[in-house]
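S.K.: Here is what each chain is made of, one letter per residue.
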Amino acid sequence: MPSPANIISLAAIRETLAAHFPEAIPLPVRHWATGWAEIDALEGGVPHNAVTELCGPAACGGFFLHQVLASLQERRELAALVDGGHSFDPGSHDAGAFSRLLTVFCKTAEQSVKVTDLLLRDGNLPLVLLDLQMVPLRGLGRIPSSTWHRFQRLVERSGTALVVMTPQPIVEAARLRITLRAGWSLAALKRPRRELFEHIQAQVYRRGKQVTPMEELHSRIA
Amino acid sequence: MSWFAAILLPQFSLQAALRWHEEAWLQPIAILEGDTEKGRVLEMTEPAERSGVWRGMVPTQALARCPALRLVQRSHAQEEVVSALLLETTGALSPFIEATAEGLCAADLRQIKTRDWEQWAGAAVERFATRELRAQIGVASNPDLAALAARHAKPTLIVQHPEAFLAGVALSEVDSSPDLIAVLHDWGIHHLGELARLPRSELSERLGPAAGALWEQAAGRAQRELRLVRPPEVFWEACDFEHPIETTEPLLFILRRQLEQLTLRLDEAYRVAAQMTLTILLEPGPSHVAAGPDRYERIFTVPSPTGDAEVLFRILHTHLESLQLAQQPIGVRLRIEPVVADRSQFQLFESPLRDPNRFGETLGRLAALVGTENVGVVQLEDTHQPDRFQLATPDFQKLAESQKAGPSESRTLGLPLRRFRPPFPAHVRFQRHVPIWFSSPKAQGEVIDAAGPYRASGQWWDHHAWSIEEWDIELSGGALYRISRCRGSCFLEGCYDA
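Residue numbers (my numbering), protein chains in the order written: chain G, 1 to 222; chain L, 1 to 498.
Incorrect hints may have been included.
Chain L is nowhere near these chain G residues, computed Cβ spacing over 10 Å in every case [stated by the list, open to error]:
1) I13
2) H20
3) H86
4) S87
5) T147
6) R175
7) T179
8) E198
9) A202
10) Y205
11) R207
Residues on chain L that point at chain G, a partial pick, calculated with CB under 7 Å [to be verified]:
12) R206
13) R354
14) F359
15) T362
16) L366
17) N374
18) V378
19) L380
20) L413
21) L417
22) D449
23) D472
24) Y496
25) D497
Just some of the chain L residues that point at chain G, by a computed CB distance under 8 Å [as the list claims (entries may be wrong)]:
26) R200
27) D355
28) F396
Hints listed in this document are in silico derivations from the structure and should not be mistaken for laboratory results. For clarity, every value in this text was computed on a predicted model and none was experimentally measured. All C-beta atoms, glycine included, are put in the ideal place defined by N, C-alpha and C.
Please put together the full structure from these sequences, using the hints given.
M.R.: In structure tokens form, the structure reads like this:
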């Protein structure tokens, strides 16, 4: 039965709203699969158009970087690493993906923020890693919280996935926070790295609330 | 009947010098041949001429006639650019062209289908105007007649009846022997029309073959072949400043206009810019100071060759924003290396950069912010010395085409190291070459477990010889570090987990 002319369809209202308030209509969420089963099982990876915070000790950040380098090589993607502590050790990683990783060494946290800002505004690279794990806490404290909200707006526009690696939670605007924990002994230095992943405990928080694989499954079914 | 065109750039030196300053034509300005004190006036603008400034005057005479007169040095670089531009633009009008003289070109119009020469010449003048040049064009049945017509053109002149046109042309306008002209003046002959009325054979008998050639010209019958040249495909612009400049704004203003001109020419040649060479001429320093370089030169590779003036300008602008020069700029040259535009489609399974030129610009900004040595892609050096690598300029566009995709099989062991740069000095107590106690500004404590020493050395054959011992240690608190000993001193190199 044809609908009367004076009845506006819901789809038409949505289209009108989307045209007038584009920022209010959420973009389809894409994810950068990290290859880290625990993270990918929950969210599908690191979300594009959003800021993700990765908290944990320096070693865990190094493991995440290892996974990113492997995924760059596998997917022929490009990424940037903004190294706030000038601590990235190329000798600890496979050199195969280095040509796909733009590396920027910074002297201060403030400089790291400026560099990240430029890369997000550029929008050419789909993944930007801001590594602040080796930056002194005093330096991290000087980063205004408005910075993270600005970054969130920038990635929403450019579709970049921004991962901020920190020693403790500081990114208020993070849509996703991944906390990594592990304890190592000297014996770990002689074991294959892929075996060591099993010892890292990852907890994922979405907007401050912890997400478990079961909850994620239920929310998707719902 | 064959037709020829002559394209003349009147006041050639003045046009070259004032090409980027249209407003200067309304001011009394004179171009000097030679340096300011001993030079002589070569050409002058109309306001200067109205004030009584003549060609050949010394600067003091000219300034006495016109106190407001601005004396400008002749710029040979800018004249070279304009000469090339004249040839290039004429070459776009006809394939058969001749570089007749400075600021004068001739073109054979045999392949031009139109016979409406007035309209053709008007369009050609417009074309020169887009290059910021004022051209006068004469069209006639032979090259010499066309050249004479170009001198009388306002701005175009088509000579349909040579006799009528030549009758009013003065003898002094023709390029001939001054002695011969003087004799003809003594005879009371001052115009070509008067000369053409004399019998040719008797004139040649009395004054020689040069007089016969002059008569042919006066009668409009002088025919000659053009000495054909190929227009150079060189895309460069030059500008010399009247005074040294102190800020970047005037430099950017000139560079933008130069880029607009160059991209217009590139577009007409179906080319795009692949590389730009910027040369800034610098003011010589004071005599008591050691002379620095007289120029600053920088080559910019355009990541994705383009003919977009705005994109090219942004590349220059980004660089000039952070550029600091020891001396003030007195001139600028910009040269573009053209390539054929590359039409490539994005590939389905590739992820090259969305906007390579924007990315190139961002790289420039990053380099300005953190230093060139701190931006790039890691390239490991061919050595076993720890922490030796360089950062090279990324070339992601070529990377996408060259490398094959596929899962990487990691063979790395252990935990990734985080380095301290520079390493912290440390005090280490050893017992039988095994560290048992450790202290540094970053951490200290009893060493409960240690692995090592891992010894490495190299380049023992030259003065870059190095030798290092490394240990991985676990402190009583559970933290894992790497320490090293080099030339008797110990260092904290990095941490695995702290």
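S.K.: Against each hint, give a clear statement of whether it holds in the structure.
M.R.: Hint check results:
1. I13: The assertion about I13/G holds, with a minimum of 33 Å to chain L.
2. H20: The claim stands: H20/G keeps its Cβ more than 10 Å from every Cβ of chain L (closest is about 27 Å).
3. H86: 5 Å, violated
4. S87: Answer for S87/G: violated, closest chain L Cβ roughly 4 Å.
5. T147: 16 Å, holds
6. R175: 23 Å, holds
7. T179: Per Cβ check, T179/G is outside 10 Å of chain L; nearest 16 Å; holds.
8. E198: The claim stands: E198/G keeps its Cβ more than 10 Å from every Cβ of chain L (closest is about 14 Å).
9. A202: 16 Å, holds
10. Y205: Its Cβ never comes within 10 Å of chain L, the nearest being 23 Å, so this holds.
11. R207: Since the minimum Cβ distance to chain L is about 29 Å, R207/G lies beyond 10 Å and the statement holds.
12. R206: 81 Å, violated
13. R354: Since chain G brings a Cβ to about 5 Å from R354/L, closer than 7 Å, the hint holds.
14. F359: 4 Å, holds
15. T362: 4 Å, holds
16. L366: This interface hint holds because 6 Å falls under the 7 Å limit.
17. N374: 4 Å, holds
18. V378: This interface hint holds because 4 Å falls under the 7 Å limit.
19. L380: 6 Å, holds
20. L413: For L413/L, the interface hint holds, since the closest Cβ of chain G sits about 6 Å away, which is under 7 Å.
21. L417: 4 Å, holds
22. D449: 5 Å, holds
23. D472: This hint holds: D472/L lies near chain G, its Cβ roughly 6 Å from the closest one there, short of 7 Å.
24. Y496: 6 Å, holds
25. D497: 4 Å, holds
26. R200: 76 Å, violated
27. D355: 6 Å, holds
28. F396: 6 Å, holds
In this structure, the earlier hints numbered 3, 4, 12, 26 are contradicted, and the remaining ones agree with it.
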